[in-house]
Amino acid sequence: MKGGSVATKQTSAWRSAVAGHPAPVAVLVALVASLGWAAVPVRVVDTQVDPVRCQVDLFYDVARDQTVVAYPHVLTATFRVARVASCQEIEYRALYEQGVTGLDVSLARDSLGLLSAVHRSLGDPLGPLGLRYTLDGGPMFGLSTIAIDGTTKGRAPVFALDGHDRPYVAFCRMDGQPSLATFDVRRGRWVVAPVPGPRMAAPEARFLSLALDHQDRPVVAWYDENSSVSVATLGSGGWSSRSCRMEADPPIDSSGLCVAVDSVDVPWVAFSTVQGLLVLRFNVLNVVTQVAAPGVQALLSPHAMVVDPANRIRIGFYNQVDRSVYVAANDFGWSSTLVESNVSAHSVSIALGSLNRWIVAYCEVDHQQIRLAGLGLWGTVQADFDCDGRVSTTDRDHFEACATGPSIPQFDANCLNADFDRDCDVDQDDFAVFQRCWSGGDSADVHCAD
Amino acid sequence: MSLPLVRTLALCTAMVLSLPAWLQAAELSWSFQRVDAEPSPDATQLALGLGGGAHWPKVFYDKTPAGVGLKYLAAASLKPTGWSSTILSAAAIASPTSGYVGAASSSGGAGAVWRTGNSFQVAQFTGPGWQVSTPGSTTSIAPVHRPSIDYGPDGRAVIAYSNGTRLMVAGHDGSRWQNDAVDLLGAAENGYYPSIAVGSDGARHLVYRSASQNRTYYAVHDLATGKWSKTELSGVPPVTAGNYSLAVNPNNVPSFACLRSGTLEFASFDTAAGAWDVTSLATDVDSTRVNLAFDGNGRAGLAFVSEDLVRLMLNDGGGWTTHTLPSGPAPVGGYDRAPKSNSEVALAFDADNLPVLAYYSRAGVILAYDPIVPEPATLVMMAPVLTLAGRRRRR
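From first to last, the protein sequence lines are chains A and B.
The numbers in the working numbering rise by one with no breaks, and the one at position 98 of the first sequence is 777.
The numbers in the working numbering rise by one with no breaks, and the one at position 369 of the second sequence is 374.
Source of the hints: derived by calculation from the structure; they are not laboratory data.
Mixed in with the good hints there might be a few duds.
[To be verified] Examples of chain A residues lying across from chain B (beta carbon under 7 Å, computed):
#	residue
1	G806
2	L808
3	Y812
4	L814
5	P818
6	F820
7	S823
8	V864
9	R878
Where a beta carbon is used, it is the ideal one built from N, C-alpha and C, also for glycine.
Using the sequences provided together with the hints, build the complete structure.
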């Protein structure tokens, strides 16, 4: 594994406080040797995925403190769901029966914790090619998949559940018209209607996205045949649409597009042009363009953008220029965090994990892997490096081995979990957190790092 | 305003006002769904709750699993993948009579209460499945001891039942059931056919037939004093075969329906007069029970089978109007929508204040939604449009 070694310079008194018993260093994360240089913790979730048709979606299950990832799996010839929790083995489950597979899986979790998914069928016994809806209803409802009526040969589905567990599926019809499928409880069946506006520029999977605003209204965004980015919101009075012409700076062909809605229900749409990664903010009176990452050629999935409770945007993307995965954020102006470099990847999807730290999942092509990265991967006790529920001497030894000192970068991916303040070094500030979390033989306090 | 337009308006108004009440509301587009094609053959009682913020219906009904021969209580839930049914009761419910299932809705979900043998059971839906608990039991399985359920403003279930000798109210405090005897004026009270309703202020209301005095009583639990007080309702003869169905409107004013051998009466408390007002609504009710419900705007609803048709009565304060559901084969599916003659019709209102009904037909358990019902005034307002359209054609 590439990466620098731990700095050995003794610079401050706090290091002597850490030194002590000659206990072996505990290593938390075991990475496959094929990993590129990782700037944040990376975990290989699965292998033997289809490198061409791979597409991934994820969400964070707060109740179980797990990251849930879905993707098509070659070996089992179906979609797989992996549940990833820190300090635990990954749990795998087939989302469908063998032989039921397809593309463009999109996930959601309802208010009862049940998993739902939508995908585009490539052929199964359920009916003609189109979209499928699956409910993983646990012991009560079991696993059931139905064909969504009215979506024959529909493409690029993006799916969300509102606060009352009502599903919304945005997709592209064969003729390029964006459409929305909803479940009509009163009629007990799915209803499909076109989204008013121009057709899509091309019925590509990456140029249609869906989000729900805080009033549970679906917001659909797409790049249309008039060289505009269109956004449509469905309210109680019908659809309201906006568009922003981009003919002077159109999205690059392979860019993709994603949408998210901020705390005041303003849609944000991200895509890549020759300028770099662009974000459009559809204000009430105008559309503001921001360059989130200049000079990149970003690949975006429909699930590549989230807004955290503090109204900060996170966008996961793959930069074709330097072959790296990044997360762009607008905490204090736009900046990008390198996730992993020297990789061939696509379908970067993002979610907010524990303590609202971002997690990204992506398809790694060369080794046919699904990878998960981000500080949100770590569990509730950051300093519990060996996952025994305590912050004790073995954790201290790991921290000591990773310590670099102020402003001395820590390049070792195995040591990134010790950089609590994420300033790229492991110094006395991080040690202060470690001290607060120290529990010895007792159970660690899950809020010790707050 | 031109003369042709005036004539058109007058004609439309006359047409609308001359329509029978049941057609004025124009059952234009009732939507039907078949919940289960094979309930128990002799089932008559069922209950309906709306979960997920009053969006997702749950129907509780009698089912006889194949090869078993005994009747169990089943719950059917609607999901985007369709209806899914599961057996709730671990043991067969009373046979040949039903388990007297009752259901209620809360902001969080729906739950049901029923009797299995001598035990009362309550089921509420959680993520992994139905959570079933036993709040109490009875020494008698006579129909008079049927339970009733409602939800408090805290989303916790409250049930009323008779344990054979005393009228009991049980509330769930989040971890267990707390059973309290309804002591009135220092004396234990036993009551038949209890119906309970909990207001948005948390006050508990009861209607029942006194076991000792064979009269209809209304009782309310005073939150401030923690005591029950009761009022005899001499204008409402006691139920002997049927039920009371009590509900409180959004202003916490109680009303109840009383079904007694086919006669349906409605009693509401007139706060201005300080007295109960009793109205006779129908004398040809074939259902074995009725359910009273209020929507979010205070509109009262009652549903039942009469003369082989499902009737929905609504009162928004201007008097009762009766609506009749379409019968015959369903447009989608072709199943028979005609109700079984003695089927109960369960009623609830969804988040948009639209009525939802469940009943037994010869084809199974049916769910009916009344999606949009235009007011008669809307038809009058359409007259100018029709007039203008006619002018354009003549040109």
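These are the hints, each one checked on the structure:
A cut of 7 Å between beta carbons decides the hint on G806 of chain A: the least distance to chain B is about 14 Å, and the hint is violated. Residue-level restraint check for L808 of chain A is violated (minimum Cβ-Cβ distance to chain B is 19 Å; threshold 7 Å). Here the hint on Y812 of chain A is kept, as its CB sits about 6 Å from the closest CB of chain B, short of 7 Å. For L814 of chain A, the suggested interface contact is upheld, since its CB lies about 5 Å from the closest CB of chain B, less than 7 Å.
Satisfaction of the interface hint for P818 of chain A is found here, the shortest Cβ-Cβ separation to chain B being roughly 6 Å, below the 7 Å cut-off. Because the closest C-beta pair between F820 of chain A and chain B is about 5 Å apart, less than 7 Å, the hint holds. A distance limit of 7 Å between C-beta atoms decides the matter here; for S823 of chain A the minimum to chain B is near 4 Å, and the interface restraint holds. For the restraint placing V864 of chain A at the interface with chain B, the shortest Cβ-Cβ distance is roughly 6 Å, inside the 7 Å limit, so the hint holds.
With its C-beta approaching chain B no nearer than about 27 Å, R878 of chain A sits outside the 7 Å limit, and its interface hint is violated.
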